[in-house]
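As you go down the protein sequences, you meet chains D and A in turn. Everything in the first sequence is counted per our numbering, starting at 48 for the first residue and increasing by one. Everything in the second sequence is counted per our numbering, starting at 48 for the first residue and increasing by one.
Hints were generated in silico from the structure; no laboratory data involved. Do not rely on the hints blindly, as some may be mistaken.
Where chains are identical, the list cannot tell them apart; a pair therefore holds if satisfied intra-copy or between any two copies.
[What the hints assert, rightly or not] Computed list of lysine-lysine pairs in DSBU-like fashion (alpha-carbon distance at most 30 Å, straight line): (1) K484 <-> K508; (2) K387 <-> K364; (3) K95 <-> K603; (4) K351 <-> K364; (5) K351 <-> K562; (6) K316 <-> K562.
These figures come from a predicted structure and were not determined experimentally.
2 protein chains.
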Amino acid sequence: MVKRYLQVRTLDDVFALLGREFSCTPSVISVPLENAAGRVTAGPIFAKYSVPEIHLSAMDGIAVVSAETKEASEQHPIKLPRAARVNTGNVVPPEYDAVIMIEDVWEADGTYTIRKSASPWQHVRPAGEDLAESEMVMPSRHRIRPHEIGGLATYGITEVNVITVRIGLVPTGSELVAAGTRPMPGQVVESNTLMAKAMLEEVGATCTRYPFVEDTPEKIRDAIQKACCENDLVIVSAGSSAGTKDYTADVIAGLGEVLVHGIATKPGKPAIIGRVDKKPVIGLPGYPLSALTVIRELVLPVLKTYGIPVPRYRILKAQVTTALAKEIGSDEFVACTLGKVGSRWVISPQSKGAGVQMSAIRSNAYIRLPRESEGFNAGDLVDARLLVPVEEAESALLITGSHDPVIDYLADLLRPKGVSLISTHVGSMGGILALRKNECHAAPTHLLTDDGTYNSAYVKKYLPGTDVDLICVAQRQQGVVSRDGFLFADLPGRMFVNRQKGSGTRMLLDYELKKAGIDPASIPGYEREVTTHIAVALAVKSGEADAGLCVYSAAKALNLPFIPVASERYELAIRREHAADPRVMALIEAIRSPQFKTILEQLGGYETPETGIIRDGSH
Amino acid sequence: MVKRYLQVRTLDDVFALLGREFSCTPSVISVPLENAAGRVTAGPIFAKYSVPEIHLSAMDGIAVVSAETKEASEQHPIKLPRAARVNTGNVVPPEYDAVIMIEDVWEADGTYTIRKSASPWQHVRPAGEDLAESEMVMPSRHRIRPHEIGGLATYGITEVNVITVRIGLVPTGSELVAAGTRPMPGQVVESNTLMAKAMLEEVGATCTRYPFVEDTPEKIRDAIQKACCENDLVIVSAGSSAGTKDYTADVIAGLGEVLVHGIATKPGKPAIIGRVDKKPVIGLPGYPLSALTVIRELVLPVLKTYGIPVPRYRILKAQVTTALAKEIGSDEFVACTLGKVGSRWVISPQSKGAGVQMSAIRSNAYIRLPRESEGFNAGDLVDARLLVPVEEAESALLITGSHDPVIDYLADLLRPKGVSLISTHVGSMGGILALRKNECHAAPTHLLTDDGTYNSAYVKKYLPGTDVDLICVAQRQQGVVSRDGFLFADLPGRMFVNRQKGSGTRMLLDYELKKAGIDPASIPGYEREVTTHIAVALAVKSGEADAGLCVYSAAKALNLPFIPVASERYELAIRREHAADPRVMALIEAIRSPQFKTILEQLGGYETPETGIIRDGSH
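Okay, chain D solo, but in the shape it has when bound (with noise of 0.2 Å):
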């Protein structure tokens, strides 16, 4: 019953296997010259006509014939006893052989005096200095650039052959509702085809995708035969894994062969390739991130050997926050968030959680690790892999720590003016050893000490010597969510959801639990451990637990009571070095600006007398 994966091939295996088994020719399809621009030529393109196919003027001004002006000069001026104006573009009438621009002639009474000779052939354009008929344009297999357009115009072309690869997305789930259906429990949103399509038909690949298929062996044999037909390359998306609906595989050997179940690739590793009526079908994980890395490393590759140019990722040397060990043999892909702190580049590896698409929408870059690797240790450099232009790179505000939604409208605010604030939410423990480790711009804190105050303690403690300033993005009000809105009082005898320990929410209760005489192994579920807000206002909505501790936003997005109970000081500590950088400038200014105080009142849950004032975190 338990199905295992063939043998485990690596992607340059597959590579090569592909090579061997398909001949991987693309289609050819006819474009109007309008939507031509990045699609690729099928075969030579040749000039209809000559261009221009007869003389023309260059210049405005008058068409003369050369021999007539040889006596002119400053001191000699002669009038032409004939001449014709011209402009630019203009024919240049037979009888001449030469252009003089306007500005040197003078017209009195229809006749043309000049005071310089022309020399024959002079701002004249000859028919054929262009392009001349039945010259070749572009060649085969030229991506058209759009300014190319003009050009292709002008030599009489109105349709282009371009070549294409038809594409058919063959989505397969009794779970699956379409975009727009809120699903229900067990049921999930179809993302992966409208991913695959979107990141195929960017570099010209034609896709079709086809109907949700239900999870039976004879539904998805009918619809991947049809896809087969109707395309050069089918994509089935999910059941390529080996749980007890998984059938792809055992369909796809029916219809023809399965070549490859499993790839050596982290994520990935479910994937499929096999033969059917001699072309290629790919079946893809079901996990969105491991969907995205086969279509990344897989397919889009594949496409290349059609003859479909795909754009390399630029690359740039970047030094990494944390370690990551990987066992020989697989490549893995690491998706992360990259920005420049001081002259330095900077890589933090994100989420690993393959069902995480957020992570997929954070990272600017990611790390790829060659099967031979195993992996790296904090500080090392390694290869950056962009997944955004540099200049957005370039502009990354890297805030690391503590996570507040208000964090996210700050974002909002800064990205007109050209910054692009990346968050990455471990708690304010963890971004104040970031900033220790000057591997981010900014970290959101609240961390309470045992006599009331924030902050400063925790940057005193870790950030020795170093100058830090702490600015206050809010006072934040943490209070008991629950679905009967008890006190914090109320809280022993009640299924509690707790934060993770070194979270400043955690300290918070701690602090109040002890100040309000509280044990905690009279709450059940202290134990319980999530690592935001909303997990925790989720916990409590879904009835998991009874009540937990968190901020007022994530109480208000789920429509739960909110009963206050203390109010505390979310701040950014910033090292005072990075004071003058543009980013941070725009991030102080954004804090202070009146839209943001709007957007604190629109939210509730906040205090915002002290917001934007900057203390000293250090001495």
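Start from chain D and add chain A according to the hints.
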């Protein structure tokens, strides 16, 4: 009558003025998610619900109560009292709090045995793990990358508000005909607004091309007025210069205000910036390369001020092959070809004719000379701005010398092999000199010595001590082209059109005239020089000349009689140091290929017995 430009303004002045005079607010449009890749968000996007909304299994396996697995070990396998089979993505039923992977489970008679304990919440994707309802998915002004379409679908987004700039493109000129119409003498195919549309829509503008407008002030005024009503910005193509029919500036002045007439750029000087209905109206010069420059250097940066991100060109340091003198005061832009010869990036300015659209197609880079620059000397290191991906520039094979159409066919054979052949037409001697300076990979040449031999003598003279191979591309027929089938002996007394001094064809002519005892002075038009075979044929076809000397392909292209005079060795001179360069090896392979032989036969005018033979050109 002669209009002058207003004070010419620098590009920097123009940008400052635009920022001062216009609000530059983009339009907001809603696009379906499927079309959102590449677009820029108008506002922040929030998750419509949490993902996941309920705890899901992260693995194929069984859902268990973690507390009931505590005792399990290799030595002490336990049978679970309860468990539920779950596949990846299935809901974890509320009574369970962990998942054990199917690989670690033994099933028999419907019960499960395990050998390892499970920690609470292992392999469970907690509710809200990815994102929670109401959290921000992406901020304003974020360019949506194709792979993000999946995440957006998952978070419930089906429509996205994106920014754009609505641009009205108004082509003016009574001489205009639509692409696809062969222009009569004096007519021009309207290509500039087609090019503008492709270039501007690539970054996210929304362009409307209006019907062609005749050259009368009234019609131009009506068209501009309509376009201003319907768009955020209007571009009027042509009529921006100072010719007798250049009404654009006057019309704009009548409708609103001309802010700038003439910008200090080369090409591109006659551009206009005006204001009508508070909207910018830009007058584009008529020459294609001037229009291209104004779009790239002025309009695209203006779109940036509307919030549209415009990719920066990648810059490489390259050694320039020829000097360029320039006057201080203008920014100058030079279309170039760029390639790597040995380990050195080499860049060559292209033809400067503003009407030569082929130079925009041939160029893969450009040089920007700022207004304080006085130009550069040959050999200077300059900033090459790439117009192709860097990997395409790395694949460039630089062929510099005498041109023949077969070189274009070789380009066509090589492109599918990943080699971009770029040919620069400078004549045989120009090629030999480029080879001497090691600025190209191969120099096509057909230089005849008095003793009747080809090429070797010139290589020996100009590259003494350098190992050079000569590869025969073809034995090529040169002959007399005429409308009446003249023989070589018929030339005296006929109006002739000649090739430039230093060209192989000119040398062949002189050699054959001497052999036949014909005095050049007996041939009228001997002094009239054009620079290509096809220009010779065009001059004959148009009646400007009665005869010329050219290759068969040029006569054939224009359906003119051709009487062979001599067969010459058209060879590639290649430094032996590049013999192992994969691009050069691919070139030689292409010359020797059966496909190339077939092409030569089909084109006609070539003898092929020696094609691909390598001779030692050095000694």
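Quick rundown of the hints versus the structure:
For the identical chains of this complex, K484 and K508 are intra-copy neighbours only, at 14 Å inside a copy versus 64 Å across copies, given an alpha-carbon limit of 30 Å. In this assembly of identical chains, K387 and K364 lie within 30 Å of each other by CA distance both inside one copy and across copies; the values are 11 Å within and 23 Å between. Taking the closest pair of Cα atoms, K95 and K603 come within 30 Å of each other only across two copies (14 Å); inside a single copy the shortest separation is 67 Å, beyond that limit. In this homomeric assembly, K351 and K364 come within 30 Å of each other (Cα to Cα) both inside a single copy, at 26 Å, and across copies, at 28 Å.
When the C-alpha separation of K351 and K562 is checked against a cutoff of 30 Å, the pair qualifies neither within a copy, at 65 Å, nor between copies, at 55 Å. In the homo-oligomer, the alpha carbons of K316 and K562 never lie at most 30 Å apart, since the shortest distance is 51 Å inside one protomer and 76 Å across protomers.
Consistency note: the structure conflicts with the earlier hints numbered 5 and 6.
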